[in-house]
Amino acid sequence: MYEFLQYQVRDAMTADPIVISPKAKLREVEELFETHDFNGVPVVDERWRLLGILTKFDVLKAFSLDPQAIAPRYDAIMEQVIETVMTRDPVSVSPKLPLSRLLQKLVEMRTKSLPVVENDRLVGIISREDVLKALRRATIKHETPAHEGSRP
Amino acid sequence: MTTLLYTHPACLEHDAGYGHPECAARLSAILDALKAAPFAALEWRDAPLASIDQLTRIHVPAHVERILSGIPKQGYYAIDGDTIVSPQSGEAALRAAGAVCAAVDAVLQDEAGTAFCAIRPPGHHAEPSQSMGFCLFGNAAIGAAHARMAHGLERVAVIDFDVHHGNGTQAAFERDPAYLYISTHQAYIYPGTGRRSERGVGNIVNVPLTAGSGSAELREAWREDIEPALQQFKPQLILISAGFDAHYLDPLAELNFSEDDYAWLTRRIVAVARKFGQGRVVSVLEGGYNLPALAASAAAHVSALMEDAAGG
Chain A
477 MYEFLQYQVR DAMTADPIVI SPKAKLREVE ELFETHDFNG VPVVDERWRL LGILTKFDVL
537 KAFSLDPQAI APRYDAIMEQ VIETVMTRDP VSVSPKLPLS RLLQKLVEMR TKSLPVVEND
597 RLVGIISRED VLKALRRATI KHETPAHEGS RP
Chain L
13 MTTLLYTHPA CLEHDAGYGH PECAARLSAI LDALKAAPFA ALEWRDAPLA SIDQLTRIHV
73 PAHVERILSG IPKQGYYAID GDTIVSPQSG EAALRAAGAV CAAVDAVLQD EAGTAFCAIR
133 PPGHHAEPSQ SMGFCLFGNA AIGAAHARMA HGLERVAVID FDVHHGNGTQ AAFERDPAYL
193 YISTHQAYIY PGTGRRSERG VGNIVNVPLT AGSGSAELRE AWREDIEPAL QQFKPQLILI
253 SAGFDAHYLD PLAELNFSED DYAWLTRRIV AVARKFGQGR VVSVLEGGYN LPALAASAAA
313 HVSALMEDAA GG
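Protein sequences, first through last, are from chains A and L. For the first sequence, this note's numbering begins at 477 and goes up steadily by one. For the second sequence, this note's numbering begins at 13 and goes up steadily by one.
Check each hint, because a few of them may be wrong.
Claimed, not checked - Listed below are the simulated SDA-like cross-link pairs for lysine to any residue, each with C-alpha atoms no more than 20 Å apart in a straight line:
hint	chain 1	residue 1	chain 2	residue 2
1	A	LYS537	L	PRO189
2	L	LYS47	L	GLU271
3	A	LYS532	L	GLY224
4	A	LYS537	L	GLY224
5	A	LYS581	A	LYS499
6	A	LYS609	A	GLN482
7	A	LYS609	A	LYS501
8	A	LYS581	A	SER568
9	A	LYS501	A	LYS581
10	A	LYS588	L	GLY204
11	A	LYS499	A	GLU559
12	A	LYS499	L	PRO189
13	A	LYS537	L	LYS246
14	L	LYS246	L	ALA199
15	A	LYS537	L	GLU271
16	A	LYS537	L	LYS47
17	A	LYS537	L	GLU266
Honestly, the hints are just simulated from the structure, not real lab data.
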């Protein structure tokens with residue numbers, strides 16, 4: 477049961493995740509969201525340094541009412557490059573961070589996923605779903621031997 | 013007294029492009045609602061063209077020239093991302109402003125007590141030298157200036173309950189104490205103006221409302237800000253910039269007015285007009301982008317204009 481405490485972020489994260497360039501357009505990332513079940517896509521430069529993260533929330537925000545236009549210009553907004561709407565300087569975590577601490581961070585920040593950075597380079601992304609999966613794995617491993625051990 | 017309805021087929025021909033929220037179907041929806049039996053007493057009149065002199069009481073001549081000469085022979089021309097014109101837009105804009113001037117003439121010559129101008133394009137974002145926010149010419153401001161210049165009125169009020177602040181009307185009036193401009197609008201959306209601190213020469217009253225405000229906040233605005241300003245100013249004529257996009261179903265904003273709120277507010281305005289201005293009210297269509305809500309709200313508004321006119 478306490479095996480979860482042994483896990484680090486690297487044990488549960490999605491390594492080498494799909495990333496996107498800061499110059500990509502919102503329309504392209506919309507396609508990514510449709511194809512994959514992402515909460516957010518890390519935005520990296522050519523050396524995989526993390527520049528930002530583009531979440532579904534950022535995309536929604538880009539289309540919200542603002543004083544510059546009486547009606548949002550939906551087509552024009554789709555053509556914006558994502559560096560103009562992404563969350564800059566996102567909170568990131570180390571792959572060595574205990575998963576229990578990562579869980580705590582997700583709860584406190586109410587965020588859905590966090591990029592994982594090591595040596596100034598993006599190495600993965602970890603989401604609510606990844607942590608849930610690790611929790612299930614940790615508890616199943618505990619119950620199975622106990623159940624078998626109780627057999628005559 | 014009669015209630016007049018000014019409109020013109022040209023106002024249906026102004027086309028801002030496929031899917032544009034400020035569309036001819038808005039006006040059709042209102043006109044269809046006003047053809048129903050309860051409105052049989054409305055007297056329909058064709059809107060005349062505004063004269064250049066009427067427009068230049070508010071707009072600089074170069075702006076009028078720029079807009080009218082910029083109307084394309086075919087296709088579309090975008091003045092800005094929101095404001096798009098096509099071949100029939102020039103006549104529509106002249107009929108829109110002309111409707112308000114004609115309605116002002118009619119009520120001041122006692123042909124009617126109240127009038128509603130069912131026109132488009134709308135006007136309250138158009139500044140003296142800048143068209144914006146779907147608006148080409150400042151229809152309500154042009155009507156107010158007509159009342160002042162052609163009829164010699166000394167105190168003319170414009171009440172603007174469109175969900176967006178009427179930056180154009182404010183810009184036209186803010187240095188002239190003969191005009192009072194009162195606006196309720198949603199704070200922090202387009203066009204970004206309309207703070208309480210914008211007071212002109214004491215003749216601008218802005219009542220920004222936060223997203224989610226509805227009947228209660230409207231009544232509070234009337235009691236605390238709008239009615240006291242009107243009582244003090246004693247307008248000889250009231251114009252209304254009647255946008256219906258503060259309705260709870262409107263897609264371009266987040267206020268929650270209902271048809272009943274528009275009827276209530278209209279009755280309050282007419283009551284003030286009867287006290288100071290012989291019941292003279294000229295109302296001018298501005299925004300409103302959910303068609304059923306727009307038609308029902310405009311009908312409630314016109315119905316209230318007719319009630320008091322008939323009763324008084």
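Here is what the structure says about each hint:
Taking the CA atoms of A:LYS537 and L:PRO189, the gap is near 41 Å; set against the 20 Å cutoff, the hint is violated. Restraint check: the Cα-Cα separation between L:LYS47 and L:GLU271 comes to about 18 Å, which is no more than 20 Å; the hinted pair holds. About 24 Å separates the Cα atoms of A:LYS532 and L:GLY224, which puts this hinted pair outside 20 Å; it is violated. The straight-line distance between the Cα atoms of A:LYS537 and L:GLY224 is roughly 18 Å, inside the 20 Å bound, and the hint therefore holds.
A C-alpha spacing of about 30 Å is found between A:LYS581 and A:LYS499, which places the hinted pair above 20 Å, so the restraint is violated. About 15 Å separates the Cα atoms of A:LYS609 and A:GLN482, which keeps this hinted pair within 20 Å; it holds. Taking the CA atoms of A:LYS609 and A:LYS501, the gap is near 32 Å; set against the 20 Å cutoff, the hint is violated. Distance check on the hinted pair: A:LYS581 and A:SER568 sit about 10 Å apart at the alpha-carbon level, within 20 Å; holds.
Between A:LYS501 and A:LYS581 the alpha-carbon distance is near 30 Å, which puts this suggested pair outside the 20 Å criterion. Annotation: proposed proximity of A:LYS588 to L:GLY204 is violated, straight-line Cα distance about 33 Å (limit 20 Å). Proposed proximity of A:LYS499 and A:GLU559 is supported: the alpha carbons are some 7 Å apart, at most 20 Å. For the suggested pair A:LYS499 and L:PRO189, the alpha carbons sit about 52 Å apart, so the restraint of at most 20 Å is broken.
A C-alpha spacing of about 45 Å is found between A:LYS537 and L:LYS246, which places the hinted pair above 20 Å, so the restraint is violated. A threshold of 20 Å between alpha carbons decides the hint, and for L:LYS246 with L:ALA199 the separation of about 27 Å lies outside it, so the pair is violated. Proposed proximity of A:LYS537 and L:GLU271 is contradicted: the alpha carbons are some 30 Å apart, above 20 Å. A hinted pair counts as satisfied when its Cα atoms are at most 20 Å apart, and A:LYS537 with L:LYS47 does not qualify at roughly 42 Å.
Between the alpha carbons of A:LYS537 and L:GLU266 the distance comes to roughly 15 Å, so the proposed pair stays at or under 20 Å and holds.
Of the hints listed earlier, those the structure fails to meet are numbers 1, 3, 5, 7, 9, 10, 12, 13, 14, 15 and 16, in rising order.
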